[in-house]
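Enquirer: All chains, please: the whole structure from these sequences, using the hints.
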Amino acid sequence: MVRLHQVTKHFPGRARPALKDVSFRVAPREFLFLNGPSGAGKTTLLRLLYGADFPTSGTVTVGKADLGRLSGRKLPRLRRRVGVIFQDFRLVPRRDVFENVALALRVAGGRGKSLVERVEKTLAMVELLDKADARADTLSGGEQQRVAVARALVGRPALLLADEPTGNLDPDNGRRVMQLLADFHARGATVMVATHDPGLLAQAGGARVLHLRDGRLEESP
Amino acid sequence: MVRLHQVTKHFPGRARPALKDVSFRVAPREFLFLNGPSGAGKTTLLRLLYGADFPTSGTVTVGKADLGRLSGRKLPRLRRRVGVIFQDFRLVPRRDVFENVALALRVAGGRGKSLVERVEKTLAMVELLDKADARADTLSGGEQQRVAVARALVGRPALLLADEPTGNLDPDNGRRVMQLLADFHARGATVMVATHDPGLLAQAGGARVLHLRDGRLEESP
Amino acid sequence: MSRRGARQGALYRAVRQMRENPWLTSVAVSTLTVALAIVGAYLTLVLNLDTAGRRLTTGAALMVVLHDDVSPSDGASLAREIIHWPQVVRARFVSRGEALARFRRQLGPHAGLLDGLGANPLPNAVEVELTPGIDGTETVVPRLAKLVQVAEVVTSRPWLNRLEQAMTVMGRLALAVGGLLFLGVVLLSTNTVRLAVYLRRDELEIMDLVGASTDYVRVPFVLEALLQALLAAGLASLLLWALLGLLGAPAELPLGVRLSEILRLPPQVPVVLAGVGALAGVLGGMLGVGRVLRNQVRR
Amino acid sequence: MSRRGARQGALYRAVRQMRENPWLTSVAVSTLTVALAIVGAYLTLVLNLDTAGRRLTTGAALMVVLHDDVSPSDGASLAREIIHWPQVVRARFVSRGEALARFRRQLGPHAGLLDGLGANPLPNAVEVELTPGIDGTETVVPRLAKLVQVAEVVTSRPWLNRLEQAMTVMGRLALAVGGLLFLGVVLLSTNTVRLAVYLRRDELEIMDLVGASTDYVRVPFVLEALLQALLAAGLASLLLWALLGLLGAPAELPLGVRLSEILRLPPQVPVVLAGVGALAGVLGGMLGVGRVLRNQVRR
Ligand SMILES: Nc1ncnc2c1ncn2[C@@H]1O[C@H](COP(=O)(O)OP(=O)(O)OP(=O)(O)O)[C@@H](O)[C@H]1O
Ligand SMILES: Nc1ncnc2c1ncn2[C@@H]1O[C@H](COP(=O)(O)OP(=O)(O)OP(=O)(O)O)[C@@H](O)[C@H]1O
Ligand SMILES: [Mg+2]
Ligand SMILES: [Mg+2]
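Residue numbers (this note's numbering), protein chains in the order written: chain U, 1 to 221; chain C, 1 to 221; chain Z, 1 to 299; chain P, 1 to 299.
Any given hint might turn out to be false.
Unchecked claim - EDC-like cross-link-like pairs, simulated, lysine to aspartate or glutamate; straight-line CA separation at most 16 Å: (1) C/Lys74 / P/Asp50; (2) U/Lys74 / Z/Glu20; (3) C/Lys121 / C/Asp183; (4) U/Lys113 / U/Glu99; (5) U/Lys121 / U/Asp137; (6) C/Lys113 / C/Glu99.
Source of the hints: derived by calculation from the structure; they are not laboratory data.
Expert: Here is the structure:
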């Protein structure tokens, strides 16, 4: 499903590369943790997978698409099949919660009753149905994070990239979100979760864990 | 140092108040946790303490200042004596790390060698001295959070308000930041930490904990 | 709820984002209105002065001097003939006696000097007035000159030539100034729209990140810019029309041009304004969105 | 490092933020430049046409008609006397014979009709030309009329009156249009600056939150707007100057006005532009920052 081959990412003005010679594969339907301390390169790696950035060298493949060679028109189509929970949420501040979640369906042409039902069902899963009409910029940190989770899940993507999906959540809500991801995985999706929280790794029992440190991979022992 | 008296905060368009009849005092040099699940009202409460918002009813006193009666000119002066770690960091994206931290000193007229030394010392404490020249918008989530911590500490405020100061940090860095807050407290500051993370409460042994739930206070048992 | 299931086409989204940012919309529309009103005022003046000028240099009177042997009745019938020519509005026979009386009036205080004249030195003539807007030099004048009864066709050419030359210079100048003004206003409007798009770059980025096609992102912004530009063009036309009504005192300028003729909104103006506005809006929208989306990838 | 210890006054921060946002700065400066250039072009035309018009209506010639009993030599000495008056440039005695010869030339083809005159009906006269820029009606004409030798002072008043009346109307019109243009450009510029401030509202909010005084936040933005406005005023003046140079062909317009006289940058223009720009900049900066800071508290 996902393949990185000798990926190195250098940012201009930075002495050390954010990613150095990273190679790994993620099988379809796999559940993978990307663990590592602050600044290890987790977010940078995920960004490469949805074409928000490109590696300095090496190749990144998602599904059958080589992201380095993807034409500008095909990138949106790829992104619709990849759900992303952004570390900084990336909600549309002036839009209400419903529309923020619906956005992921609308860009793919979704509408009608089925759209309303799916959005509401997903909001119920993150316990935000009562806030459907609230503007995103009036939400608390944890509420925003759950909206971000709902938006990533609502389109039932084949690949889910979650960047620190529980960083702003209390233990209860955090557990609930991790359970959602696990259910999602059980229904056939490939899931990658970037986190600095060892607690999460413990929660999701047998999943494979990749350890990043200073941009280098240290496969789980 | 801080006194809330029957504070209620209603947001327009919301059925339930974000804060309901909240009263408590924080003594000078106290270390206080504000704990509660997502949406409990922690951020809302802190915002009242630095005049970013005002209660619908009740009074908020910080030091000798009644925040509801504070003239527009005195608010900046109060804010310079209150250090805030914002949940969403609030860094100036185009400015480098040094300037983001120095900002807290410059608004109070700081400059010269003493400014440079203090900023660099504080950056060293959060282990970001090597990133002093990096623009804030190129930092990882955890790096940004540590810059936010440094900016709140650099002015040595009498009152420190930390909103989820470790949400984006790995355990090592999180511990280090909590240690910084503890040191700061030991040197005479009043510290209030809002968090949803019970792990933090455990770390900081004997501190007092206020539990917020749906805007109501449940004093620690 | 019903709205939530609807399609939310580009137009719907364009209108929604205008309503979500009323301040931004009002700043953009007011800026565009002022810019377009300036172009409109310029166009109004140039078009109307051109019309006035054209009337001056073309709707002129010709004096057709007849041979001495042409009788007054022959002259009168010649006038009746000429009046049926297509380019001619009026043709009137003026006898030598009538001409002398008029000359006397024209001399005013110095009229006394005609008293000593033995015989009337003036000829019989036909005064011809051409249709306004027609330049008779090429067609009417040669045709008149060829008539057997005609001795000479006197036009106000020498004076008109100077006026026409001046008008050519002014016309070229007006064209240059107009071109620059046009470019300037397109730049102004484009900049405004680009700023407004840039202000919402976060929103654009998010749509891009969740898989919106470039067109899905771009079209509402371009439509929004277009709507604002058309609204502004309408407002600018109204503004101009009201202003011209206020200023259009019935004063008379030299050369018989009436002020109220200059201060009238030519019907082309609203159309041109809408065109300029639309062009600027589309340009600004495309450039603005393009810039944001390009930047987004580079971060 | 050295820079980091420095004071970072308002001017330093203003320049820094301009450099941090080169795109924004260039959009703002180009918008302001165009807006100011439009005002400048307008001012240039109005000021120069006013000068030209004033010259036309004031530097006129007077015909001083003498009594029949004044001898030619008395007339000539009167002319020599008048020439020393301060407002007078030229004064020349024209005998009745010279006047008749000239009248004959003026009649052109119709000169024959003077042949039958018994005596010369024309009077002796002195032709007086006034200093350009001086309106002689109030001072020179009454003084001339009071001289014992003088029968009548003939001015070109009737024609001038019409021209002056037209100029008054046009002048009032120009004032109204200019006022509106001025308001419009101030609005354009203010809007641009406000948009640019609004674009950086996050930064303003952060400064506010960490305890910056309102002035600490506001002054650099106002300074930035001011700098941009002054830069734009300079650029607009340069642009105008270059354009006028390009367009200023040595063509002659009617009534003896030269095109190159109209197309000259009056020295007041850059000053006025800088003033308008500065006003708009300060207004925009104040309003923009005020808006953001007010909003911040309400969230
Ligand atoms: N656009 C950029 N320009 C320059 N440096 C960057 C950029 N983006 C990331 N970096 C740097 O690359 C390194 C890795 O960043 P990344 O965001 O991938 O870390 P992370 O593992 O997600 O950390 P965290 O847990 O704190 O979010 C960091 O040191 C960061 O400063
Ligand atoms: N400006 C606002 N307008 C309307 N509602 C608001 C606003 N700010 C906060 N709220 C609501 O008030 C409640 C409390 O929010 P607050 O941000 O204080 O929660 P919190 O305890 O900080 O939660 P978290 O741990 O998720 O950050 C939430 O339900 C939130 O949606
Ligand atoms: Mg990260
Ligand atoms: Mg919060």
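Enquirer: Hint by hint, say whether it matches the structure.
Expert: Do the hints match the structure? See the list:
Under the criterion of a C-alpha separation no larger than 16 Å, the hint pairing lysine 74 of chain C with aspartate 50 of chain P is inconsistent with the structure, at around 55 Å. At most 16 Å may separate the alpha-carbon atoms for a hinted pair to count; lysine 74 of chain U and glutamate 20 of chain Z exceed this at roughly 31 Å. The suggested pairing of lysine 121 of chain C with aspartate 183 of chain C holds, with an alpha-carbon distance near 14 Å, which does not exceed 16 Å. Simply put, lysine 113 of chain U and glutamate 99 of chain U have alpha-carbon atoms about 14 Å apart, close enough for the 16 Å limit, and the pair holds.
Pair hint lysine 121 of chain U plus aspartate 137 of chain U does not hold up; C-alpha atoms about 22 Å apart against a cutoff of 16 Å. In summary, the hint linking lysine 113 of chain C to glutamate 99 of chain C is supported, as the alpha carbons are separated by about 14 Å, within the 16 Å threshold.
Checked against the numbered hints given earlier, the structure breaks hints 1, 2 and 5 and satisfies all the rest.
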